[in-house]
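Colleague: For reference, the chains in residue letters:
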Amino acid sequence: MGSRASSLLREEDIEEIKKETGFSHSQITRLYSRFHSLDKGENGALSREDFQRIPELAINPLGDRIINAFFPEGEDQVNFRGFMRTLAHFRPVEDNEKNKDPDAGEPLNSRNNKLLFAFRLYDLDRDDKISRDELLQVLRMMVGVNISDEQLGSIADRTIQEADANGDMCISFSEFIKALEKVDVEQKMSIRFLH
Amino acid sequence: MEDAWDIAWLLIQLWISVVVFLIMLPAMCGASLGVTEMYIKVLVKTLEWATLRIQRGQRDQLRVQAQFSNGIIQKEDGSMEEEIGELRRCWPRSVAGGEFALCDAFYFCRKGIESIVEDEVTQRFTSEELASWNLLTRTNNNFHYISVRVTIIWGLGLIVRYCVLAPLRITLALIGLSWLVIGTTLVGLLPRSSGKNWLSDLIHLTCYRICARGLSATVRYHNRENRPKKGGICVANHTSPIDVVILANDGCYAMVGQVHGGLMGVLQRSMLKSCPHIWFERSEMKDRHAVANRLKAHIADKTKLPIMIFPEGTCINNTSVMMFKKGSFEIGGTIHPVAIKYDPQFGDAFWNSGKHNMVSYLLRMMTSWAIVCNVWYLPPMTRQEGEDAVHFANRVKSTIARQGGLVDLSWDGGLKREKVKETLKEEQQKMYSSMVVG
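In order, the protein sequences belong to chains A and B. The UniProt record's numbering puts the first residue of the first sequence at 1, with every later residue one more than the last. The UniProt record's numbering puts the first residue of the second sequence at 1, with every later residue one more than the last.
Among the hints, erroneous ones may be present.
Claimed, not checked - Taking lysine-lysine and the DSS-like style, the derived pairs with C-alpha atoms no more than 30 angstroms apart in a straight line are:
1. LYS188(A) with LYS178(A)
2. LYS129(A) with LYS425(B)
3. LYS129(A) with LYS430(B)
No lab work stands behind these hints, which were simulated from the structure alone.
With these hints in hand, go ahead and build the complete structure from the sequences.
Modeller: This is the structure we're talking about:
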């Protein structure tokens, strides 16, 4: 709980974040409070250690991948804007979300962007393809030591075989989207933010 | 020059007599002149008025004050099996018997992001958020100007707290502590007898009563028939060092703790002279058997006072009870659970040891409005046949949590400073693996 956290956030910043992410005013101030309480170094940015300090995240098998999603390529710090931008992916999709500004592009919490977030969890080297190796590594993170290499390998092979349409032994983003077309992504990759 | 000294001397005499006769002596006898009750009533009225004005002021400014007592998000309650099962239902191939689906990652992803936005543990190591401001700058989230009247009241409150109450409380605390040191040393000179024990109890009690007044502590004790008896172990949730004063205000206990140097060391040594407390050297604390043996020896002697232990091992912010370390539950004996719940409206009692050291913490306590808390003595519990210490500890913890209206968590309070154990992650991985291979 930051005792004066919200006073460090200017109204103009809140408005910009509102436009970019779609969060409401009160949600932004509350999330800023949370950001501030995680920021132990009090330097306006979060490092990977700050995230690791959350026990429930540290025991999550994909914890490291999720933390990585907050940090842009090659960077070690994420500021509040970046934090909000990543969290915005998990805003629920409103049915009648009027796209007031057609030039604004796709909202961060569209089905496509949610799928892209999930895709990037698997795509370790950010080359827009999920290779067999990458899939194996992520599987290993999720199951720990409880499954043998051979079994895991055959699971990875089968998954790629089913999803791979163009025969390059990798899953591209469009193949990923096709494989998940029946899954209710909008609901499963959303968090119910209050007020 | 002479006159100035005379006046100063007169003021000092007046001050001392007020302190001694109006506060100290009644406190020692356990009586009260009713000043504190009246103060609390006035305070409650003032805070209610301030709350109304703040709410009105915010309505004028068209800003909706978020309900801080609620969470930021509403979490999904399903277990891993339920949620991943739901996800897989839409997967093209049937994976009912096991196997992997790309959408499995969604579950971990969402859980991870939920914990980043709001988690059960890290919020317990900082002070509780209040639903409405209590006119102390230190607890304010949105410190902005509301109205002239509220600011005036806040200013008056500041003057009263820092210039009137704080010096009074500091004086009382100093008197109380010196009384303890001198009294126990004197009593220590007496030979062992029941008279000595009675005197020692008296000294301890009166000292803690003075200290409690020194914090403007208003404590309501419930179910006093369940008070810890000799040869028992008193177990309570831990919020701050003041817990000791609150409990010892109403009964005599044998303290358990580490040997300190400096002022604490002086207090510890003098307390030891008049009745047996259990102070451990730092090196001894590592040896669990030695610790257990000393505690066992103490409770075996039915003439010795009940031990006061805080099994959480660290200060938590009084919104929850965290894991009880099993050490105190392995030595046998009767456990007397006690639940302590502070009212945060009057002052935040939580000691954030990372943020404040002991001295600045005590000063903060003495410049708060008051310390108001409820203490519930719960019926004694013993370990049942075939119950292991961990299960027993959890049982006691749930009882305390239920009584105090606190959240019952099984997370370790040590997470304040340490990383979480790898084994917990491995449990999650094991659980998921069973869904992959069936």
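Colleague: If a hint holds in the structure, say so; if it does not, say that too.
Modeller: Outcome of the hint check:
Note on LYS188(A) and LYS178(A): the hinted pairing holds, with a Cα-Cα distance of about 17 angstroms set against a maximum of 30 angstroms. The suggested pairing of LYS129(A) with LYS425(B) holds, with an alpha-carbon distance near 28 angstroms, which does not exceed 30 angstroms. With a C-alpha separation of about 28 angstroms, the suggested pair LYS129(A) and LYS430(B) falls inside the 30 angstroms cut-off, and the hint holds.
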